[in-house]
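Protein chains: 2
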Amino acid sequence: MAAFSSISPASEPLTVMGAGLVGSLLSLYLARRGHPVQVFERRADPRRAGFQEGRSINLALSDRGWRALEGVGVADDIRQVGIPMYCRVMHDAHGQLTQQPYGQDGQAIYSVNRGHLNRRLLDLAEAQPQVRLQFGQQCLGIDLKKQELHLLDAATQQEHTEPYTRLFGTDGAFSAVRGALQKTDRYDYSQQYLEYGYKELTIEAGPGGAWQLEKNALHIWPRGQYLMIALPNLDGSFNCTLFFPYEGPESFAALQTPADVVAFFGRVFPDAVPLMPALTEEFFTHPTGSLVTIRCFPWKYDDVLLLGDASHAIVPFYGQGMNAGFEDCSVLNQLLDQHGDTAWPAIFAEFQAQRKPNTDAMADLAVYNFVEMRDRVADPRFLLQKKIEAKISAQYPGRWTPLYSQVTFSHTPYAEAWTAGQRQDAIMARLMPHIQAEADFDRPEVQALVEQEMAAR
Amino acid sequence: MAAFSSISPASEPLTVMGAGLVGSLLSLYLARRGHPVQVFERRADPRRAGFQEGRSINLALSDRGWRALEGVGVADDIRQVGIPMYCRVMHDAHGQLTQQPYGQDGQAIYSVNRGHLNRRLLDLAEAQPQVRLQFGQQCLGIDLKKQELHLLDAATQQEHTEPYTRLFGTDGAFSAVRGALQKTDRYDYSQQYLEYGYKELTIEAGPGGAWQLEKNALHIWPRGQYLMIALPNLDGSFNCTLFFPYEGPESFAALQTPADVVAFFGRVFPDAVPLMPALTEEFFTHPTGSLVTIRCFPWKYDDVLLLGDASHAIVPFYGQGMNAGFEDCSVLNQLLDQHGDTAWPAIFAEFQAQRKPNTDAMADLAVYNFVEMRDRVADPRFLLQKKIEAKISAQYPGRWTPLYSQVTFSHTPYAEAWTAGQRQDAIMARLMPHIQAEADFDRPEVQALVEQEMAAR
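Chains A and B supply the protein sequences, listed in that same order. Under the UniProt record's numbering, the residues of the first sequence are numbered 1 to 457, in order. Under the UniProt record's numbering, the residues of the second sequence are numbered 1 to 457, in order.
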């Protein structure tokens, strides 16, 4: 943290609306730089007894997220409660398993509990004397001209007005701060839903808190038009998520009774059902979540800046939503290092110019990976292609990084990763017709083709 | 109109929100089919003395619009006050002119005054005994469950509630009806602005109402990053529109004083300036309009359907905004013919399924044509390519229709036209390197290439 203490504290107070994952991390970054930070959050304090988590979902932390956590010195702390997942394990309709490593030896994504991570970041933020957290503060509106937040205090039910000099909107996909920006002239905005919803379910821990599936893996039940996934928890259970069409012959609309659910799950997820004793109860009591991509521009307005889901909500299929939001914090911190802690207009402008194309690319990648996860990972040809790609990558070190690795295990800007990935996909499409088995890769004619493609890049 | 009288009148009253071009034409269609129609319009009656037109803009009516007008028997009537424009006339920075025909001999788009057309359609709608028009009725909100419109009466300033059984939202790009749909679950919505605004200006009539530029043409001053166009009026004047960046070295922001405007126009539009005596006054008193593309889905909700700009506002560069809205009316009428006047749920579902991909394609085409109009039409190579395309089209009748003609002079669905146009563009990109002048088209090697391309299609 030596770098921070060399920056002279700025007296100007900063306001953060939203104390979720991105808001709490951002507050920590800003406070460590010496800024007084005022944080408002709509929900109650998640660290209080009796707080009901909105979502108990697990998240997959990867390199971009870790770097952001390292920047405020909390990565080691979080790593202790994360479970490394080194591979995907695919479950077919007969319960047969196939696995595919995510990266090279030792590379993993980490299953982390959202609530735990959020509470830890709030503790750390609050430990900074210049951070003031206020919960139960719903943003009813913003007067962008007067620089005032209109808030409703949940405890007193009183409306109050808070002035701000600089406002960071980290209030998520349905951001009230963005809502104010959307009312300004010529505001580009888009919200697009998948025709799929999701339902959270549970695979229980075995006797003595044992994991009933391979612990260090992300489990996928790919079924073409839909899928279920499971991520491990520390207590031996797994959080499952079913991604499923709203309408159609196999859909939420088609499963109306416990008998429907039991019959359907028994048929398509036969190895999982015995591990899910609360299946029907959870299916009918847990809400069905929707899957939205939100894009907007600009992200800034005078002294207001959006970060995280507020400016770029994406679907969860690449496990990059939180990582992208955390990377926003790292990038903002870098810009503060470069420009100094008072050059806000230049920093806000450069932040949106730099981040917008990258989060747009990430939004596309997330939808692309939905098709991969629900369909392609069940195809032996696809898994063979992944193996061949790994061989090319090993044969040409530094010259070929698989797309998944670029997104997950690198800090290459998302847009660059996506462009490189599309080029590599085109090459694989030309190579694969010549390859029927892993060993074919070493055949001279295949090697000649690979060499030719690599020379042409 | 024989077809209409054979349909037995339905007693169910229909509600139309918005009496602009599409709303008034739709009301006419519905009334002629025997439906009682209740029409609400936010603005005052444009036929009343003292009504101030919001926009005096001219529109380019083309085949899709004409067919829709023919469907209610008003095409001949409108054609008398339209001015055919057979070609584009490009004005370069030295006042030199080049022209390019829009289609084959006799094919034209028609300059029509928006206000005149709207008033005429309102007259015709009102002449139907089962149509009831009410002006000054602002839609404040809609209760989709109770099927109620909340309106504010401009004259009395009283709010009132009107029930509806079937509601058609034809209230334009900033539709209040769409606003209600946007609040429903999982609503796809996008608004995207160009970084360009537009300003309406006037080229005055000459002595005795003479046209000071070629009357039967659409005039374009293409300047790479911006452009001005002019469409003829019956009184000898032209309506000009400058499409211009908001920001930058040549932009609205850069022209702050009358002297700035005179210097800029004198330099870049030297032949037009002498014909625009009110230039500086108009430049600073006329508003700067913005250019938005709006997409949304679904277009229907239970008994509500959006049509026209309310569901698919596009930028004006292909002259298809009104034509697409009018085509909505023709398509809805065809579906009523096919399914009968009571099968509304099926008709609404088919309408949006059929129209959505087409208006999405039209939105893309309109942006594509912006680049063509402001930049490519000034390029001699581009004009040569258009001539060669016309020759191919003549040589292979029925097998090659230029994209512009498919959009403007045909009823081919927009999405099909766009796909065919992209294929043809790719062919032209391969042919043009072999062609330096119009005569090259007849060279045997070029003819062989053309034959080969046509055989491969």
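Because the hints were derived from the structure by calculation, they are not lab data. Watch out, some of these pointers could steer you wrong.
Identical copies look the same in the list; a pair holds intra-copy or inter-copy alike.
[Unchecked claim] List of simulated lysine-lysine pairs, DSSO-like, C-alpha gap at most 27 Å:
no., residue 1, residue 2
1, K183, K300
2, K387, K183
3, K215, K356
4, K146, K387
5, K387, K356
6, K199, K183
7, K387, K145
8, K300, K356
9, K387, K215
10, K300, K145
11, K199, K391
12, K146, K300
13, K183, K386
14, K386, K146
15, K300, K215
Computed from a predicted model, the values in this text were never measured in an experiment.
Hint check results:
no.: 1; hint: K183 - K300; result: both (13 Å within a copy, 25 Å between copies)
no.: 2; hint: K387 - K183; result: neither (50 Å within a copy, 46 Å between copies)
no.: 3; hint: K215 - K356; result: neither (36 Å within a copy, 46 Å between copies)
no.: 4; hint: K146 - K387; result: neither (58 Å within a copy, 58 Å between copies)
no.: 5; hint: K387 - K356; result: neither (33 Å within a copy, 41 Å between copies)
no.: 6; hint: K199 - K183; result: between (33 Å within a copy, 23 Å between copies)
no.: 7; hint: K387 - K145; result: neither (56 Å within a copy, 54 Å between copies)
no.: 8; hint: K300 - K356; result: within (11 Å within a copy, 32 Å between copies)
no.: 9; hint: K387 - K215; result: within (23 Å within a copy, 68 Å between copies)
no.: 10; hint: K300 - K145; result: within (14 Å within a copy, 37 Å between copies)
no.: 11; hint: K199 - K391; result: neither (37 Å within a copy, 59 Å between copies)
no.: 12; hint: K146 - K300; result: within (16 Å within a copy, 39 Å between copies)
no.: 13; hint: K183 - K386; result: neither (46 Å within a copy, 43 Å between copies)
no.: 14; hint: K386 - K146; result: neither (55 Å within a copy, 55 Å between copies)
no.: 15; hint: K300 - K215; result: neither (43 Å within a copy, 47 Å between copies)
Comparing the model with each numbered hint stated earlier shows that hints 2, 3, 4, 5, 7, 11, 13, 14, 15 do not hold.
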